[in-house]
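Q: When you line the sequence shown up against my numbering, it's residues 6 to 142, in that order.
In case anyone wonders, no lab produced these hints; they're calculated from the structure.
Keep in mind it's a predicted model, so treat the numbers as computed, not measured.
Glycine included, C-beta positions come from ideal geometry on N, C-alpha and C.
Hints are supplied without guarantee of correctness; some may be wrong.
Stated by the list, open to error - Label-pair ranges, simulated between beta-carbon atoms:
#1 A50 with D79: 28 to 36 Å
#2 P135 with P78: 16 to 24 Å
#3 R140 with G62: 17 to 25 Å
#4 E119 with T21: 13 to 21 Å
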Amino acid sequence: MTQQDSKTGVPAGVTTAYQWVGGEAAVRALVDRFYDLMDLEPAYAPLRALHPSTTEGSRDKLFWFLCGWLGGPDYFVERFGHPRLRARHMPFRIGIAERDQWMACMMQALAECELDPELQRRLSESFMGPADWMRNV
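My request is simple: use the sequences and hints to build the entire structure.
A: Here it is, written out as structure tokens:
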């Protein structure tokens, strides 16, 4: 079992969420599970409908973004520059229901990828701000 800091709950030696998640392979697995859930779970059908018919490009972009956002390599910035999340999402109708579906899908993916419960809690809090900021209706 990994030693954790008694005050922060963060595993010893971990300096970024990217490391805590498990690095590149774990971020890819998380993103793949997130999009797989959109295809599998009827509750996420409206969220899935906002995406292209195939999700390869969406998967790559979320993977590249999350790597950097979590404190790992800045793949998204290297390819596209500043993420400009709100501007990039403005063409899509995103309200409270879509935000909540995105959050539920991501939280389910985090749980199914068996990430540390404390990390899941922290990521849930961290994801909510940007998810809410994407709302445009």
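Q: With reference to the structure, classify each hint as holding or not holding.
A: Against the structure, the hints come out as follows:
1. A50 with D79: 28 to 36 Å: For D79 against A50, whose Cβ atoms are near 33 Å apart, the range 28 to 36 Å holds.
2. P135 with P78: 16 to 24 Å: 19 Å, holds
3. R140 with G62: 17 to 25 Å: At 23 Å between Cβs, range holds.
4. E119 with T21: 13 to 21 Å: 19 Å, holds
The structure meets every hint from the earlier list without exception.
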